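Read off the chains here:
Protein chains: 2
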Amino acid sequence: MSNILSDASLDQIFRNARTHSAWQGQEISDVLLEAVYDLAKMGPTSANCSPMRVVYVRSAQAKERLKPALAEGNVGKTMAAPVTAIIAYDLEFYERLPKLFPHADARAWFAGGSPDHVRDTAFRNGSLQGAYFIVAARSLGLDCGPMSGFDNEAVDREFFPDGKVRSNFLCNLGHGDHDQLHPRSPRLDFDEACSIV
Amino acid sequence: MSNILSDASLDQIFRNARTHSAWQGQEISDVLLEAVYDLAKMGPTSANCSPMRVVYVRSAQAKERLKPALAEGNVGKTMAAPVTAIIAYDLEFYERLPKLFPHADARAWFAGGSPDHVRDTAFRNGSLQGAYFIVAARSLGLDCGPMSGFDNEAVDREFFPDGKVRSNFLCNLGHGDHDQLHPRSPRLDFDEACSIV
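Chains as they are written, first to last, in this note's numbering: chain A, 1 to 197; chain B, 1 to 197.
Copies of the same chain look alike in the list, so a pair counts if it fits in one copy or across any two.
No more than 20 angstroms apart at the CA atoms, straight line, and that leaves these computed lysine to aspartate or glutamate pairs for DMTMM-like: (1) 164 <-> 191; (2) 164 <-> 189; (3) 99 <-> 192; (4) 67 <-> 156; (5) 164 <-> 120; (6) 63 <-> 153; (7) 99 <-> 189; (8) 164 <-> 92; (9) 99 <-> 191; (10) 164 <-> 153; (11) 164 <-> 192.
Hint data in this document are derived by calculation from the structure and do not stem from the laboratory.
Computed from a predicted model, the values in this text were never measured in an experiment.
Given the sequences, and given the hints that come with them, work out the whole structure.
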């Protein structure tokens with residue numbers, strides 16, 4: 001594979017893609033929500049462990065369950081967004097490894113092992129998948145508004161009461177109002193973040 | 001924005017993209033390594049905190065420094081890869097927030113605060129950026145071989161001796177030999193990983 005995506009595509013998923021807070025009103029169909037996941041799930045995770053779990057909060061009733069957990073500055077935009085995805089990770093992801101990694105007993109690498117190792121693996125790979133999810137949504141023409149400003153434990157009590165799944169971040173989804181974007185913030189230059197040795 | 005990327009592009013970054021272990025011999029230029037970062041840096045992080053740090057290990061000498069930290073099964077493919085990126089995160093990322101988030105004193109949200117909150121923020125957002133990095137590399141025609149099978153502390157001692165930066169995962173980069181790929185492993189179905197409420 002030695003192709004480079006078109007400038008329009010690179011703009012759409014990286015260069016011109018912005019975090020949105022103001023939303024146009026269109027609804028998002030089940031088909032599109034499934035299509036986002038069906039792309040995101042293809043991204044790599046260690047031992048294909050795939051710990052990400054997603055709750056798409058779309059109904060007014062479910063939005064009300066989410067509302068008390070939101071930081072004040074995130075309430076308006078989240079209640080207005082067509083969908084808010086709770087990006088979470090399953091601390092018992094290893095129970096799916098017989099399906100996901102059928103050529104070895106990968107379950108045994110985690111089950112009953114170090115809780116820190118299990119948690120780090122779920123958090124790292126669930127976060128990787130969360131980023132694949134953002135890029136997948138953008139590649140299908142959706143705008144994203146990811147957020148860490150909420151009470152994780154409150155979300156977990158409300159949406160994941162069995163204690164096995166933990167919220168990672170929230171991501172509003174919809175078609176953003178581009179006229180209401182602020183200028184983009186700076187990024188670190190190559191030499192501030194990278195080296196070649 | 002309501003465009004959908006072409007099928008060829010979606011195939012390249014998600015559907016047909018595979019984790020590679022066998023490499024064709026081409027070298028990777030500084031320009032291409034910089035271009036991967038310049039796309040990846042545009043992806044969203046909380047408060048634009050941008051904690052990812054990357055060491056591109058390309059020289060034979062630097063590869064030898066990395067070798068003792070690798071799990072046995074990862075030695076051959078990593079030594080053969082044109083470049084191995086150490087994807088890391090900076091636990092003092094907040095020192096860059098005056099540049100990255102100039103419209104508020106975001107540094108004060110982290111400096112001197114809970115070490116767990118700082119570490120979780122660095123790990124979550126550094127992992128998100130690691131995934132942007134993988135997609136960016138693929139979007140520029142590179143193949144990736146991300147790995148968690150190595151001794152993180154050994155890598156940190158060798159490459160980040162000041163203790164402020166921690167390795168997250170490794171990612172071999174190059175042009176893979178597609179004839180040596182195994183069949184793709186299954187993914188979780190939508191209903192196994194997602195719900196709409």
